[in-house]
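Trainee: Sequence:
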Amino acid sequence: MSVTERIGWQPPKPSPSLARFEARCHKAKQQPFLDERPMSEAVSSCAWQNFRQPRLGHFENQGKVSFKKLLGYGVDGVVWKVAIDERVYALKVFWDNRAPEGTRYWSA
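To convert, note that position 74 of the sequence shown is 74 in this note's numbering; the numbers rise steadily by one, no gaps.
Since the hints were made in silico from the structure, they are not lab data.
Even glycine gets a Cβ: it sits at the ideal position worked out from N, Cα and C.
Careful, some of the hints might be misleading.
Straight-line C-alpha distance at most 20 Å; calculated SDA-like pairs for lysine to any residue [said to hold, decoys possible]:
#1 K64 to K81
#2 K64 to D85
#3 K27 to K69
#4 K92 to Y105
#5 K92 to V79
#6 K68 to E86
#7 K29 to W95
#8 K69 to E86
#9 K68 to V79
#10 K92 to S66
#11 K92 to P54
#12 K64 to E86
#13 K29 to G77
#14 K64 to K27
#15 K27 to P100
#16 K29 to R55
#17 K64 to V79
#18 K27 to R55
#19 K81 to M39
#20 K69 to Q49
#21 K81 to P100
#22 K92 to K27
#23 K81 to F94
#24 K92 to R55
#25 K92 to A47
Across the chosen pairs, the derived CB separations fall in these ranges [what the hints assert, rightly or not]:
#26 Q49 to G8: 53 to 63 Å
#27 L71 to A47: 37 to 47 Å
#28 F21 to Q62: 38 to 48 Å
#29 D76 to K27: 19 to 29 Å
#30 R87 to P11: 51 to 61 Å
#31 F21 to L71: 29 to 39 Å
#32 F21 to V65: 39 to 49 Å
#33 A90 to F33: 10 to 20 Å
#34 Q31 to Q10: 35 to 45 Å
Work the whole structure out from these sequences, hints included.
Mentor: Next comes the structure, spelled out in structure tokens:
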């Protein structure tokens, strides 16, 4: 790029499509994703509304957690195979507990 081209360069103008996308991202990140009810109540509730906007239930630890094996990890968090009172569960721990600023990928 020549000097005259660099001097004449202007940043791109804001796009209405980008503004709509950013507004949609901001609105989505304001939606609650946690359910303060115990998981036993939240999981058993099979109303259509619960499928339309699923939420993570509150886990009430009822015994000693024994970490058995790392099952996997990725962009969202890490998954462990755990045993709690002789019962086996998959426990997912998320990296983020709040939505990040901007339009960065985020999932719960």
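Trainee: Hint by hint, say whether it matches the structure.
Mentor: Okay, the hints, checked on the actual structure:
With a CA separation close to 14 Å, the supplied pair K64 and K81 stays within the 20 Å bound. Restraint check for K64 and D85: satisfied, since their Cα atoms lie roughly 7 Å apart, inside the 20 Å limit. Note on K27 and K69: the hinted pairing is violated, with a Cα-Cα distance of about 37 Å set against a maximum of 20 Å. Taken as a hint, the K92 and Y105 pair is honoured in the structure, with Cα atoms around 18 Å apart against an allowance of 20 Å.
Proximity of K92 to V79 is assessed by CA-CA distance (about 4 Å); at most 20 Å being required, the pair is judged to hold. About 12 Å separates the Cα atoms of K68 and E86, which keeps this hinted pair within 20 Å; it holds. Of the pairs offered as hints, the one joining K29 and W95 holds, with about 16 Å between alpha carbons and a cut-off of 20 Å not exceeded. Simply put, K69 and E86 have alpha-carbon atoms about 15 Å apart, close enough for the 20 Å limit, and the pair holds.
Note on K68 and V79: the hinted pairing holds, with a Cα-Cα distance of about 11 Å set against a maximum of 20 Å. Straight-line distance between C-alpha atoms of K92 and S66 comes to about 14 Å, which keeps the hinted pair within the 20 Å bound. With a CA separation close to 16 Å, the supplied pair K92 and P54 stays within the 20 Å bound. Proposed proximity of K64 and E86 is supported: the alpha carbons are some 10 Å apart, at most 20 Å.
Pair hint K29 plus G77 holds up; C-alpha atoms about 18 Å apart against a cutoff of 20 Å. Proximity of K64 to K27 is assessed by CA-CA distance (about 39 Å); at most 20 Å being required, the pair is judged violated. Between the alpha carbons of K27 and P100 the distance comes to roughly 13 Å, so the proposed pair stays at or under 20 Å and holds. About 13 Å separates the Cα atoms of K29 and R55, which keeps this hinted pair within 20 Å; it holds.
A hinted pair counts as satisfied when its Cα atoms are at most 20 Å apart, and K64 with V79 qualifies at roughly 18 Å. Restraint check for K27 and R55: the C-alpha separation of about 17 Å stays at or below 20 Å, so the hint holds. This hinted pair checks out: K81 and M39 have alpha carbons roughly 18 Å apart, not beyond 20 Å. Between the alpha carbons of K69 and Q49 the distance comes to roughly 34 Å, so the proposed pair goes past 20 Å and is violated.
The straight-line distance between the Cα atoms of K81 and P100 is roughly 28 Å, outside the 20 Å bound, and the hint therefore fails. A threshold of 20 Å between alpha carbons decides the hint, and for K92 with K27 the separation of about 25 Å lies outside it, so the pair is violated. The suggested pairing of K81 with F94 holds, with an alpha-carbon distance near 15 Å, which does not exceed 20 Å. Only pairs whose Cα atoms come within 20 Å are accepted, and K92 paired with R55 is accepted, the gap being roughly 14 Å.
With a CA separation close to 24 Å, the supplied pair K92 and A47 exceeds the 20 Å bound. Hint check: Q49 to G8, Cβ distance near 55 Å, so the stated range 53 to 63 Å holds. Remark: the range hint 37 to 47 Å for L71 to A47 is contradicted by a beta-carbon distance near 30 Å. Roughly 43 Å separates the CB atoms of F21 and Q62, a value that falls within the hinted 38 to 48 Å.
The supplied range of 19 to 29 Å is met by D76 and K27, whose beta-carbon atoms lie about 21 Å from each other. With their beta carbons about 57 Å apart, R87 and P11 fall inside the hinted range of 51 to 61 Å. Separated by about 34 Å at the C-beta atoms, F21 and L71 satisfy the suggested range of 29 to 39 Å. At roughly 40 Å, the beta carbons of F21 and V65 sit within the given window of 39 to 49 Å.
Roughly 19 Å separates the CB atoms of A90 and F33, a value that falls within the hinted 10 to 20 Å. Under the hint 35 to 45 Å, the C-beta atoms of Q31 and Q10, about 37 Å apart, fit the expected range.
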